[in-house]
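*Asks:* The chain contents come next:
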Amino acid sequence: MNKWKKKPPETIRTFRRPSLAGDGFGGRAGFYLTRAITNIRQNVFVNVVTVGTITLALLIVSLFLLVFVNLESATENWSERVQVTVYFDKELTGQEQSAFRQKITELSGVSRVSYVSRDEALKRFRGRLRGQETLLEGVSSEILPTSFEIALKRSYRDTVSVEEFVTKLKRISGITEVQYGEEWVRRFNSFLNFMRLLGALLGGFLVIAVIFIVSNTIKLTIYSRRDELEVMSLVGATRFFISAPFLLEGLIQGLAGSTLSLALLYGLYEGFLQNAGSFITFNPAASGLSFLPVEHLLTLLLAGALLGFIGSLTSLKRFITV
Amino acid sequence: MIQLHNVFLAYQQDASALHNINLKIGKGEFIFLTGPSGAGKTTLLRLLYGALTPNRGQVLVDGQNITRMTRSQLPLLRRSIGVVFQDFKLLHNRTVFENVAITLEVLGWGRVDIGKKTMHILKQMGIESKHNSITQCLSGGEQQRVALARALVNDPKILLADEPTGNLDDANKNQILTIFKEANIRGTTVVVATHDRRLIDQGHKRLVTLSKGEIVEQVEKEAARDDQNI
Numbered sequence: 035m036n037k038w039k040k041k042p043p044e045t046i047r048t049f050r051r052p053s054l055a056g057d058g059f060g061g062r063a064g065f066y067l068t069r070a071i072t073n074i075r076q077n078v079f080v081n082v083v084t085v086g087t088i089t090l091a092l093l094i095v096s097l098f099l100l101v102f103v104n105l106e107s108a109t110e111n112w113s114e115r116v117q118v119t120v121y122f123d124k125e126l127t128g129q130e131q132s133a134f135r136q137k138i139t140e141l142s143g144v145s146r147v148s149y150v151s152r153d154e155a156l157k158r159f160r161g162r163l164r165g166q167e168t169l170l171e172g173v174s175s176e177i178l179p180t181s182f183e184i185a186l187k188r189s190y191r192d193t194v195s196v197e198e199f200v201t202k203l204k205r206i207s208g209i210t211e212v213q214y215g216e217e218w219v220r221r222f223n224s225f226l227n228f229m230r231l232l233g234a235l236l237g238g239f240l241v242i243a244v245i246f247i248v249s250n251t252i253k254l255t256i257y258s259r260r261d262e263l264e265v266m267s268l269v270g271a272t273r274f275f276i277s278a279p280f281l282l283e284g285l286i287q288g289l290a291g292s293t294l295s296l297a298l299l300y301g302l303y304e305g306f307l308q309n310a311g312s313f314i315t316f317n318p319a320a321s322g323l324s325f326l327p328v329e330h331l332l333t334l335l336l337a338g339a340l341l342g343f344i345g346s347l348t349s350l351k352r353f354i355t356v
Numbered sequence: 011m012i013q014l015h016n017v018f019l020a021y022q023q024d025a026s027a028l029h030n031i032n033l034k035i036g037k038g039e040f041i042f043l044t045g046p047s048g049a050g051k052t053t054l055l056r057l058l059y060g061a062l063t064p065n066r067g068q069v070l071v072d073g074q075n076i077t078r079m080t081r082s083q084l085p086l087l088r089r090s091i092g093v094v095f096q097d098f099k100l101l102h103n104r105t106v107f108e109n110v111a112i113t114l115e116v117l118g119w120g121r122v123d124i125g126k127k128t129m130h131i132l133k134q135m136g137i138e139s140k141h142n143s144i145t146q147c148l149s150g151g152e153q154q155r156v157a158l159a160r161a162l163v164n165d166p167k168i169l170l171a172d173e174p175t176g177n178l179d180d181a182n183k184n185q186i187l188t189i190f191k192e193a194n195i196r197g198t199t200v201v202v203a204t205h206d207r208r209l210i211d212q213g214h215k216r217l218v219t220l221s222k223g224e225i226v227e228q229v230e231k232e233a234a235r236d237d238q239n240i
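As given, the protein sequences belong to chains V and H, one line each in that order. Per my numbering, the first sequence runs over residues 35 to 356. Per my numbering, the second sequence runs over residues 11 to 240.
One should not assume that every hint holds.
What the hints assert, rightly or not - If we take Cβ atoms under 7 Å as the criterion, some of the chain V residues that face chain H in the derived model are:
no., residue
1, Q76
2, S258
3, E262
4, V265
5, V269
6, G270
7, A271
What the hints assert, rightly or not - Each computed DSS-like pair below joins lysine-lysine, with the alpha-carbon atoms no more than 25 Å apart:
no., chain 1, residue 1, chain 2, residue 2
8, V, K202, V, K124
9, H, K99, H, K140
10, H, K222, H, K167
11, H, K99, V, K253
12, V, K124, V, K157
13, H, K140, V, K351
If you are wondering where the hints come from, they were derived from the structure by calculation, not from laboratory data. Yeah, the Cβ is synthetic: ideal placement off N, Cα and C, and Gly gets one too.
Turn these sequences into a full structure, and let the hints guide you.
*Replies:* Right under this line is the structure:
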């Protein structure tokens with residue numbers, strides 16, 4: 035042996051491994067996913083408890099959201115009644131009608147403008163007094179005013195916007211009498227604001243309670259497996275190597291919980307629609323009730339997954355020592 | 011391979027667990043750490059695999075100063091150290107195979123190689139027929155061998171064992187000692203903390219005695235053998 039041959043430096047930190055199977059991002063991700071699924075299989079009870087907790091917690095939130103969304107759409111319908119009426123004491127000619135219509139439409143916030151002629155006004159009046167038509171005997175349409183009914187866009191239906199709109203409307207020459215159910219608009223808007231505040235408060239409390247319950251459940255499940263975390267760190271696993279399967283597990287638990295909660299919610303919703311008529315005076319078809327829109331469903335799914343992921347992340351921080 | 015310089019460690023301010031420890035363990039050496047319960051044997055071992063850091067002094071393992079290591083460097087060092095714990099620290103919801111394979115998974119070995127190497131070490135330990143058993147169903151001696159297999163499966167440079175023969179009968183003790191000696195012959199530095207006098211006597215190895223957190227006696231290999239002959 036050549037004694038002058040340079041001795042290779044001794045490797046200190048690295049540990050040679052004989053094969054590189056499962057390397058690369060895909061390989062490692064596959065490994066962590068397999069590990070996560072194996073962990074779920076090996077800890078069935080703990081996982082069932084966690085998924086059950088997430089399901090119930092998210093069911094409460096999504097039920098609240100369903101009620102809130104339906105109340106919002108009901109108030110949306112009621113707010114259609116916020117409209118401004120301009121009265122004229124004479125019948126307008128076709129030319130005058132289109133001139134006024136154009137000036138009104140040019141104002142911001144207008145969604146629909148319709149002209150009510152004297153005949154149309156009388157017809158409506160008769161309709162309201164159905165059964166007491168004798169009261170209208172000898173009454174001609176001449177005594178009734180003509181009007182423009184102006185519907186406003188959704189964002190212009192609050193008290194301040196309606197008042198601003200009316201001020202602008204009155205600036206149009208020829209318009210003198212404007213009515214918009216001032217008191218009703220004010221009451222309706224304060225009811226709407228109260229409902230939103232209540233919704234935000236209740237929703238906020240619910241979300242905080244859900245985060246608290248879910249994160250504590252996840253913390254307990256990770257606590258029950260602290261030996262595993264300890265052994266992994268003692269045999270030289272990095273923080274990421276230990277965490278990754280647990281984080282994926284949390285993500286899967288969250289997704290499973292949110293999917294189950296939405297399935298349960300849909301079951302409850304359908305059950306209510308089918309059976310509500312038998313115990314309350316309720317016509318499902320006419321009620322206008324609707325299930326959560328797709329974007330809300332996706333948000334809830336994502337929220338479940340995030341809840342599981344972040345719950346695991348914060349709990350792991352406490353239990354991994356490396 | 012292992013050096014401790016003026017190491018001082020206290021769990022609480024007024025009571026020191028280790029006091030002024032100076033110790034050198036050469037590459038390929040086999041030593042026994044002994045002393046009464048509470049002498050600091052386990053604490054000293056925990057220092058060596060980085061589970062504790064000293065309040066004062068330096069701990070060098072495999073050429074690296076543990077006291078100056080970052081958290082991300084520690085796992086890399088631990089991959090070259092096999093540890094056998096007093097309470098085994100086995101995962102009871104996993105099989106024998108999975109418990110041993112975990113060491114190789116951490117190193118990123120491929121599945122086929124993990125299978126071969128794990129079965130090989132289980133065969134060496136005489137528990138290959140139990141590879142599919144849950145560790146909870148094993149006897150104390152078998153669990154001990156699983157813990158040993160997990161520590162030795164990646165041929166570590168250093169093997170640390172804390173009371174490895176705690177509750178074992180004589181036959182099992184002999185087997186464990188043989189496994190330690192074989193690992194030592196293959197080049198692994200072995201440090202065994204024990205107060206089992208019989209194991210120490212049979213081992214004929216360097217002996218370091220601790221008492222109240224201090225090294226009170228060091229007997230070299232030859233002297234230990236002479237004592238045995240007397």
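*Asks:* Hints the structure violates: just list their numbers, smallest first.
*Replies:* Result: hints 2, 10, 13 break, sorted rising.
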